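Asks: From first to last, the protein sequence lines stand for chains A and B.
Counting from 60, one number per residue, gives the positions in the first sequence under our numbering.
Counting from 60, one number per residue, gives the positions in the second sequence under our numbering.
Just so you know, these hints were derived from the structure itself, not from any lab.
Since this is a predicted model, take the numbers as computed values, not measurements.
Watch out, some of these pointers could steer you wrong.
[Unchecked claim] To give an idea of the chain A side of the interface with chain B (calculated C-beta under 10 Å), a few residues:
no.	residue
1	Ala90
2	Ser112
3	Lys116
4	Trp121
5	Pro182
6	Gly266
7	Pro269
8	Pro272
9	Asp277
10	Gly314
11	Ser322
12	Glu341
[Claimed, not checked] Computed list of chain A residues with no C-beta within reach of chain B, every gap over 12 Å:
no.	residue
13	Ala79
14	Ala81
15	Arg111
16	Leu140
17	Ala158
18	Val243
19	Gly273
20	Tyr297
21	Asp340
22	Gly344
23	Arg387
24	Asp390
25	Arg402
26	Pro458
We put the CB at the ideal spot given by N, CA and C, even for glycine.
There are 2 protein chains.
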Amino acid sequence: MNERDMDAPGTRANAPGGHAVAMDGFPPAPASRVGPDNWYRNPWLRWGFLNRSKLVKGTPVWRGAGPVSVLPRAEGGLGALEVEGADGAATTLDALAAACGLDAMLVLHRGRIVHERWLHMRPEQHHTTASVSKSVLALVAGILAARGELDLARTAGDYVPEMASSAMGDATLQQLLDMQAAIVRPPMATRPGAIGGQDGGVYEILGLMPREPGSPSDFYEWLLAKPRHGTPGSRFYYDNGQVEALAWAIRCATGTPIADLVSELLWAPIGAERDAWYACDETGGEMASGGLSTTLGDLARLGELMRAGGAAGSRQVVPEAFVADTVRGGDAEMFARSDFGARMPGASYRNFWWISHDAFGGFLAVGRYGQRIYVAPGAELTLVHFGSMEGPPPHPLDPLLGRAYRRIAQALS
Amino acid sequence: MNERDMDAPGTRANAPGGHAVAMDGFPPAPASRVGPDNWYRNPWLRWGFLNRSKLVKGTPVWRGAGPVSVLPRAEGGLGALEVEGADGAATTLDALAAACGLDAMLVLHRGRIVHERWLHMRPEQHHTTASVSKSVLALVAGILAARGELDLARTAGDYVPEMASSAMGDATLQQLLDMQAAIVRPPMATRPGAIGGQDGGVYEILGLMPREPGSPSDFYEWLLAKPRHGTPGSRFYYDNGQVEALAWAIRCATGTPIADLVSELLWAPIGAERDAWYACDETGGEMASGGLSTTLGDLARLGELMRAGGAAGSRQVVPEAFVADTVRGGDAEMFARSDFGARMPGASYRNFWWISHDAFGGFLAVGRYGQRIYVAPGAELTLVHFGSMEGPPPHPLDPLLGRAYRRIAQALS
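Turn these sequences into a full structure, and let the hints guide you.
Replies: Quick look at the structure:
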C-alpha cells in the first residue's frame with residue numbers, strides 16, 4: 060500500500076447503499092459503473108461531476124499563456140461560524156456544508172481567501188458548474204455587445220435564419236438573457252433516469268442516456284423543437300433553450316465556437332489557473348446552458364471579476380455598464396409572478412444572473428445540485444461552492460444555504 | 060466580416076474533393092461532418108486530430124501548478140534547407156513538410172527553437188500523438204520501476220489476475236515494453252472505415268465507429284481477446300495490446316489512473332505548457348497505446364527530456380539508467396526478422412521507442428499519420444512534428460521524412 064492506494068476524493072462518500080465507490084477498480088466493478096440507471100445518485104452523481112469528460116464528449120477552454128492570477132490567503136476560517144441547520148437548530152458552517160453534500164467551498168473577503176473546505180475534491184479538479192455556465196455565457200454576450208459584434212436589441216432570428224420561424228425567433232437577445240422568450244417546454248418523457256424537469260432530451264444529446272427514436276441529436280434540433288407560448292417579454296420562463304438560442308446567435312455573429320470565445324474573452328484575461336472544459340453535442344456544439352466544468356478557484360476568479368465591476372486588476376474585462384446593468388436586477392414583478400417568485404421572494408433575474416436584492420447587494424450564479432457563486436459587494440464577499448446534492452431542484456436545503464451566505468456576509472461586515 | 064470569420068487553421072486545406080471544410084458552420088453542414096465514412100480522409104482526419112475530445116470521451120492530464128518551462132528561440136530557420144523530395148529531386152524542408160501533410164514542425168538545436176512551421180494548427184492546439192503515447196507510457200514505467208513501485212521482471216499476470224490466463228499473462232513487463240509478448244492480432248473485420256491493420260476494434264471502443272454485436276466494449280476486454288502465438292521473448296510484434304497490458308499492470312500496481320501518473324511524473328516536472336488529454340473507453344480507461352493529445356511544444360519538451368538523459372533542468376525526471384537502456388536499443392536481430400526489418404534497416408526497438416542506430420545516436424517516438432519525436436544527441440537536435448498524412452501505414456513518404464531528419468542533423472552538426 061502506498062499513498063496512491065487511498066481513495067480518490069469524492070468517490071467513497073455518501074453512498075446510499077449499493078456499491079459504495081463509483082468506477083471502482085481497473086476495470087471498474089460492474090455495480091460501481093456510472094450509467095443511465097444510477098448517474099443521478101451518489102456516489103455516481105459526484106463521480107460524474109468530477110469526471111464529466113469521461114462520460115461526455117467535449118472541448119477544453121484554453122486558459123491562455125499568461126500568468127495565473129493568485130488568490131491570496133488571509134488569516135481566518137469560518138468553519139465554526141454558527142448558521143442555521145436542517146432541523147432549525149444552530150449548527151456550524153462546516154457541518155452544514157457536509158450535510159448539504161457540498162464538494163468544496165471557498166470564501167473570499169476583500170479578495171483574500173478567508174475560508175476553504177475541500178470535502179470531496181482537490182483544488183485542481185474540474186467540477187461541473189451546471190447552470191453557472193449560463194452566467195458565464197452572459198458575460199461573453201456583454202463583452203461582444205460592447206465591441207459592437209452583437210446587438211442585444213436584435214432578435215435570434217436576425218442572427219440565425221433557422222431560428223426565425225422557431226418559437227424563440229422573435230425574442231431579442233436581451234429577452235433571451237432575461238429568460239423572456241415565448242417558449243414552453245414540451246411534455247417530459249417518463250423514463251428511468253429522466254429526472255430533472257426541464258432538461259428533457261439533454262441527457263440523450265450528451266449520451267448520458269440512450270437516445271429514443273426521433274429525439275433530437277444536438278442542441279440545435281432540440282431548441283428548434285420548443286413549442287411557442289405567449290409573446291416575448293411577457294413572462295420569466297427559466298429554460299436552457301433560451302441560453303442555447305443565445306449561444307447559437309453568438310456563434311453565427313462571430314463565426315467562433317463558444318469555447319474559443321470564453322478562452323479569449325474571459326479565461327485568459329482573468330488569469331485562470333486551469334483550462335476549463337465544455338460538454339459538447341455530436342456536432343461539437345458546446346452546452347452553453349450547463350456544460351462548463353472548471354476548478355473552484357476559477358469560479359472564485361469569476362466572482363471576484365463581478366465584484367470588481369468587471370475588472371481583473373487594472374484590466375476592464377467585462378464592460379462596467381454591463382455588470383452594473385446586471386446587478387441592478389431585472390423585472391421584479393415579472394419574477395414574482397413566476398415559479399420562482401415564492402421560492403426567492405424579493406429577488407429578480409437579469410442577464411442570466413440571480414439578483415438577491417438583499418442588504419449586501421448580493422447576486423448569484425446558480426447551478427443545479429449545489430454549484431454556486433454568491434457575490435455580496437456590500438460585504439466585500441465572494442463565496443463559491445460545488446456540490447453533489449441529490450434530487451431534483453429545488454433542493455430542500457437550498458434556502459439554508461442562502462441564509463448561510465447572508466450570515467457569512469454579516470460576520471464579515 | 061472580422062478576423063474570426065477566417066477559417067480555423069487545419070480545416071480548409073488538402074480537401075480531396077467533396078466538402079472542403081470539416082465541421083463547417085453552426086450546425087455543421089451535413090456533408091462536412093466527421094463520421095465513420097470519412098474520418099480517415101482529410102479534411103476530416105485533420106479536424107479529428109485537432110478536436111479529438113469532440114469525437115471521443117477522455118480525460119485531461121493536469122500540467123501541475125508550476126511555471127511553464129520556456130523553449131527559447133534562436134536565430135535560424137531551416138525552411139529553405141535542401142532535402143530529398145517525393146520525386147527524388149531536391150526540394151526544401153518547407154515544401155517537403157507541406158507535401159507530407161504535416162500540420163506543424165518544431166526543430167530545436169541545443170535546446171533552442173531554430174525552426175518552426177505552423178501549417179494547419181496553432182501552437183496552443185492539441186493534436187493527437189497516436190503511438191507516441193506508447194513512448195510516454197514507457198517513461199512512466201521507467202520512473203515507477205526505479206521507485207520500486209513496479210518490477211519489470213515480473214509478469215502481466217503477476218500484477219493483473221485477469222490477465223494471468225490470457226495470451227500476454229506470462230510476458231514480463233519488460234517484454235511488453237519491447238513488444239515481445241506471445242500474442243497475435245485476431246483477423247480484422249472488413250468494414251467501411253476499418254482501415255489501419257492492427258487496430259481492429261479500437262475505433263468501436265472509442266465510439267468512432269458503431270460497435271458490432273459482440274465486439275469488445277473497453278480496452279480490458281479487447282486485450283484479453285488477443286490470441287496466443289508462440290512464446291514471450293521470441294519475436295518483435297508491434298501491437299497496441301502490449302501497451303494496454305502494461306497500462307493495466309501499472310494501474311493495478313499503483314491504484315492510479317494513467318492520466319494522473321503522467322501528470323504527476325511527467326507533465327508537472329517538465330513544466331508542460333498545457334494540460335494534455337487522453338482518449339478513454341467507457342470505463343474511463345485511458346488509451347495508453349494511442350490516445351494522448353498534446354501541444355507540439357510539450358512534445359518538444361519530452362524530446363528535450365530524453366536528449367538530456369531524463370533530466371529537466373536540474374531535476375532528474377526519468378532515471379538516467381532507464382533512458383540509457385532505451386537509447387542503447389533492443390534486440391537488433393529480432394527486429395531485423397520482424398515486419399519492420401526491411402522498412403527500417405539497422406534499427407531496433409526498446410521500451411516503446413524506436414532506435415535508429417544512425418550516425419547521430421538518433422531515436423524516435425512514432426505515431427501513425429505523421430506524429431514524431433526525433434532526438435539526435437550527436438547533433439544536439441530534437442525535432443517534433445504533427446501530421447495528418449492520409450492512408451494506412453507505412454506511409455510512402457515516411458522514408459523521406461527519415462532522410463530529412465538526418466539531413467537536418469548534418470546541417471546542424
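Asks: At 12 Å, judged by beta carbons, does Gly344 (chain A) keep clear of chain B as stated?
Replies: The claim breaks: Gly344 (chain A) does not keep its Cβ more than 12 Å from every Cβ of chain B (closest is about 7 Å).
Asks: Given Ser112 (chain A) was flagged as interface, is its beta-carbon under 10 Å from a beta-carbon of chain B?
Replies: Ser112 (chain A) check passes; min Cβ-Cβ to chain B is 6 Å, inside 10 Å.
Asks: Verify the interface restraint on Trp121 (chain A): the C-beta must sit less than 10 Å from at least one C-beta of chain B.
Replies: Since the shortest Cβ distance to chain B is 6 Å, the answer is holds.
Asks: Please verify that the nearest CB of chain B lies beyond 12 Å from Ala158 (chain A)'s CB.
Replies: Nearest chain B Cβ is 29 Å from Ala158 (chain A), so the label holds.
Asks: Looking at Pro458 (chain A) again, its CB stays over 12 Å from all of chain B?
Replies: holds (35 Å)
Asks: Beyond 12 Å from every Cβ of chain B: is that where the Cβ of Arg387 (chain A) lies?
Replies: holds (30 Å)
Asks: Min Cβ distance, Pro272 (chain A) to chain B: is it shorter than 10 Å?
Replies: violated (16 Å)
Asks: Under 10 Å, Cβ to Cβ, is where Glu341 (chain A) needs to be relative to chain B, so tell me if that hint holds or is violated.
Replies: holds (8 Å)
Asks: Holds or violated: is the Cβ of Ala81 (chain A) farther than 12 Å from all Cβ atoms of chain B?
Replies: violated (10 Å)
Asks: Given Ala90 (chain A) as an interface hint, is the shortest Cβ-Cβ distance to chain B below 10 Å?
Replies: Not OK, violated: Ala90 (chain A) not within 10 Å of chain B, min 13 Å.
Asks: Beyond 12 Å from every Cβ of chain B: is that where the Cβ of Ala79 (chain A) lies?
Replies: Holds: least Cβ distance 16 Å, greater than 12 Å.
Asks: Taking 10 Å as the limit, does the beta-carbon of Gly266 (chain A) come near enough to a beta-carbon in chain B?
Replies: holds (8 Å)
Hint violations for this structure: numbers 1, 7, 8, 14, 15, 21 and 22, all remaining hints satisfied.
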